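Dock chain B against the given chain A, drawing on the hints supplied.
As given, the protein sequences belong to chains A and B, one line each in that order.
For reference, each letter of the first sequence is one residue, going 0 to 407 in numbering that gives the first Met the number 0.
For reference, each letter of the second sequence is one residue, going 0 to 407 in numbering that gives the first Met the number 0.
What the hints contain is simulated information worked out from the structure, not anything from laboratory work.
None of the hints are false.
Repeated chains share a single entry, so a pair holds when one copy, or any two copies, can fit it.
30 Å max Cα-Cα, derived DSSO-like pairs, lysine-lysine:
1. Lys396 x Lys363
2. Lys48 x Lys100
3. Lys312 x Lys325
These numbers were taken from a predicted model, which means no experiment stands behind them.
Number of protein chains: 2
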Amino acid sequence: MSLIVQKFGGTSVANGDRINAVADRVEKFKKEGHQIIVVVSAMSGETNKLIGLAEEMMESPDPRELDAIVSTGEQVTAGLTALALINIGIPAKSYSGYQIKILTDQAHTKARILKIDEKAIRQDLDAGNVVVIAGFQGVDEIGNITTLGRGGSDTTAVAIAAAINADECQIYTDVDGIYTTDPRVVKEARRLKSITFEEMLEMASLGSKVLQTRSVEFAGKYKVKLRVLSSFDAYGEGTIITFEEDEKMEEPIISGIAFNRDEAEINVLGVPDTPGIAYQILGPIADANIDVDMIIQNVSKDGTTDFTFTINKRDLKTTLEIIDTKVKGIIHPREIISDEKIAKLSLVGVGMRSHAGIASKMFKTLSDEGINISTISTSEIKISIIVEEKMLDRAVKALHKIFELEKA
Amino acid sequence: MSLIVQKFGGTSVANGDRINAVADRVEKFKKEGHQIIVVVSAMSGETNKLIGLAEEMMESPDPRELDAIVSTGEQVTAGLTALALINIGIPAKSYSGYQIKILTDQAHTKARILKIDEKAIRQDLDAGNVVVIAGFQGVDEIGNITTLGRGGSDTTAVAIAAAINADECQIYTDVDGIYTTDPRVVKEARRLKSITFEEMLEMASLGSKVLQTRSVEFAGKYKVKLRVLSSFDAYGEGTIITFEEDEKMEEPIISGIAFNRDEAEINVLGVPDTPGIAYQILGPIADANIDVDMIIQNVSKDGTTDFTFTINKRDLKTTLEIIDTKVKGIIHPREIISDEKIAKLSLVGVGMRSHAGIASKMFKTLSDEGINISTISTSEIKISIIVEEKMLDRAVKALHKIFELEKA
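Just chain A, same shape as in the assembly (with noise of 0.2 Å):
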């Protein structure tokens, strides 16, 4: 008998006859003797029903009312879950994040997990239940609601894997696993049966968007077993997110390519190169709660430098607003410059640890192809660089030929 958390997303739970198909699948597992923790997201439309009511509101929806408001979708979708294999004859109870309880920062709206009372889940699970558990929400210590972000459900089931020290916690999406590269930009890429966690985090977070980043850092941290399934496909395999230490075979170089359009580029150009520079810029963004991605500082040259970061194109009209009221007045840059239309690739790999060459075959590649990079930031398993936002297609297609990732 395994303890097993599914996770289903918003297409999973779609409609009333996708549900039903979420219950067959948790009485297969149950019928085989294992314990069930079911976390779901909203109906997919749902949140953006609620955050469009909401912004006729008010232009930006005060935090705490907004969460409040779209955390009922998971709730719904838990209800009828539960109601689902109720009405199969599997007992079981449906929880919201408030009566779980999870407990989150205060951060409305991008909220952190702290605390998971696992007591409830346990008992339920004694008693023969599925525990049904709201994704995406939470509560902060007051007892205010509060959501974790797009995508949160994700963070959600794993944090729970990790409270409960779950066998598997498998997480159901519209695809069947993690590919090579975007099937659409790609027609030749190729599911990956295996990804190890450092990999799957540099996939996920640069907009591989099958997982959310926080989630599978969870899993990293607290040795949770993830498999990423299809909801639409009954016997898939999915991909395993492996420990790098249990893999015995050869690793590849590359396992794949990942982009992002949805990010923006300032570049602070012109700045004092002192000590705490980055930090007089990054601090106040960060102090809005917004999320940088890319930090790029160049080498100086006559006493200044240019600093370059990348946030979520949603964020740019803000982050803007911060640098000109709380940066300007003590950095004094020379220039600010932003860019909507990037897109962010990265090739990631473990085996570019022990293999030589990869960023000169890649920036070779792409200078074949005619594609300037503007700007380039590497890790030990990833190299990543910012394009124009519309020679991404022909940059990834190149690439994923060039290190031959059709071919397992």
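Relative to the frame of chain A, chain B by itself:
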């Protein structure tokens, strides 16, 4: 400075424009220096939509899950209303029943309020906030979400007004007050400036669906000053619901004619006329949380008696099943008859106490109209009858005229 609870029903918060109108009304009172607590229902249609979703999953949805699902409707409206207030510069905070917390018993879908924690509300009011509370819902002692049954938001409003000792509880609806009878049936029907709690209780329980019965009981018990107003009319005075002793003027003999088409009648014929028979019939029905309205037992003849009661039509099937399985075997009735095509009509007025001949005038009028009365039941301030449903309108019109209810 007064402390006012304002409750807005589904049609009053049906969309963004209506919610903004609610915010404008709250602003008016706030600017006059009052402290305001707002209680809201779900947007009209929303509760039915959620029930529909639940029934799609399960024919008779599990009540615990149903409550978790439908309670989200009010939570959304509460959040939207808070946003509308914040948007016009009025600090506001929304709360679900769970958050407040509104403690109820465990009778899912028709729970009763046991206790309200008013501390958080008072703190927020003292800090200058308008407190917006999701009506219709509460939480039981182990943290399950409960709902109070249809119209339960009225009860929430009155219970909060009682708990926090509010100066007035205003119930905003789509009608501008309590009428002598339904204006759709009698066009001469007149709005009452005031009505006593006792009369209102009879009117409400009999199908003048302006206020939920329980909310009026609550208001009477805790001496909450209650006013029914239209949310579509900025200047109306509505109808105030008074304690009889406050009333200075001469009472009218009859205040109004209430009626109800939602009931079904069950006749349990030829049961032994022994002590405990009423309990043996009604006990199992009450255990199933089914509300019984009229109860009539005819005089005994040859050791057996006939027992008649009415329930809501939607409970008819369940009630007949209960009688079949849990009652028949014990009391052995000669026959069980049920009738859905009935209507109940009641003449209500505290003046009845001191005026004779009301009943005979009523019966003569109906007789002149050729309307047959199947069942009669009376209280101090009310005469209720059951007639064929198709005769109801004619009966109401005739009685409204003979008692001159159109005249102030």
